[in-house]
Amino acid sequence: GQQLNQSPQSMFIQEGEDVSMNCTSSSIFNTWLWYKQDPGEGPVLLIALYKAGELTSNGRLTAQFGITRKDSFLNISASIPSDVGIYFCAGQLRRGADGLTFGKGTHLIIQP
Amino acid sequence: ETGVTQSPTHLIKTRGQQVTLRCSSQSGHNTVSWYQQALGQGPQFIFQYYREEENGRGNFPPRFSGLQFPNYSSELNVNALELDDSALYLCASSLTGNTEAFFGQGTRLTVV
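As you go down the protein sequences, you meet chains A and B in turn. Using our numbering, you'd call the opening residue of the first sequence number 1 and step up by one each time. Using our numbering, you'd call the opening residue of the second sequence number 1 and step up by one each time.
I should point out that these hints are in silico values taken from the structure, not numbers from a laboratory. You may find that some hints are simply not true.
EDC-like mimics (lysine to aspartate or glutamate), calculated; alpha carbons at most 16 Å apart, straight line [as the list claims (entries may be wrong)]:
no., chain 1, residue 1, chain 2, residue 2
1, A, Lys51, B, Glu100
2, B, Lys13, B, Asp84
3, A, Lys36, B, Glu100
4, A, Lys104, A, Asp71
5, A, Lys51, A, Asp71
6, A, Lys70, A, Glu54
Owing to the predicted nature of the structure, the values given are computational and were not obtained by experimental measurement.
The whole structure should be built from the sequences, with the hints applied where relevant.
So this is what it looks like as structure tokens:
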């Protein structure tokens with residue numbers, strides 16, 4: 001099945017550093033979402049974006065919906081140990097009507 | 001407010017057998033979707049149910065089927081299990097027209 005192109009695949013950073021990851025698609029989406037998944041758990045919604053160009057923050061997290069509607073990025077500022085996990089982007093064409101198309105994830109590892 | 005719950009948490013089946021996975025949606029949510037997450041991959045959309053009918057399907061064969069009940073809970077049935085069906089199966093609930101899907105912790109299915 002289709003998956004979004006998510007990069008980087010993994011990141012090794014020091015505690016306190018800022019993190020940036022992005023997601024691209026060959027087709028447009030009208031909604032972009034970012035999820036975090038911890039081992040043995042289901043994905044947890046972090047940020048939802050509904051409008052091209054939209055920039056949304058949730059605490060230390062900031063995400064943007066690309067103006068072409070084919071990409072999105074997520075930034076995490078001042079990383080802390082609990083930020084460790086796998087981050088997934090997901091796109092949806094028809095809001096609330098279609099299933100979500102996910103990326104392969106970015107594995108974030110933080111060294112204290 | 002109760003979250004999405006799935007049962008069982010782990011399951012081992014033999015190739016060729018059939019399996020039923022269950023999901024209780026978050027209180028007030030009327031739409032349920034199912035995803036398959038293979039190891040190291042993002043979730044893949046299987047199908048979605050609203051008002052007890054399937055109203056969206058990903059690229060999965062007919063041996064993957066489902067049900068939604070009047071209380072919005074749902075089942076995923078997989079017939080003629082294959083080794084490649086081994087994965088984490090995730091259920092997500094949402095309100096129709098709302099993109100924000102909330103996931104359960106998943107059922108880890110192993111086919112041997």
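Hints, one by one, checked against the model:
For the proposed pair Lys51 of chain A and Glu100 of chain B, the alpha carbon gap of about 14 Å is at most 16 Å, so the pair holds. Taken as a hint, the Lys13 of chain B and Asp84 of chain B pair is honoured in the structure, with Cα atoms around 12 Å apart against an allowance of 16 Å. For the hint linking Lys36 of chain A to Glu100 of chain B, the alpha-carbon distance of about 14 Å falls within 16 Å, and the restraint holds. Of the supplied pair hints, the one linking Lys104 of chain A and Asp71 of chain A holds, its CA atoms being roughly 14 Å apart against a limit of 16 Å.
Restraint check for Lys51 of chain A and Asp71 of chain A: satisfied, since their Cα atoms lie roughly 12 Å apart, inside the 16 Å limit. Taking the CA atoms of Lys70 of chain A and Glu54 of chain A, the gap is near 13 Å; set against the 16 Å cutoff, the hint holds.
Consistency note: the structure conflicts with none of the earlier hints.
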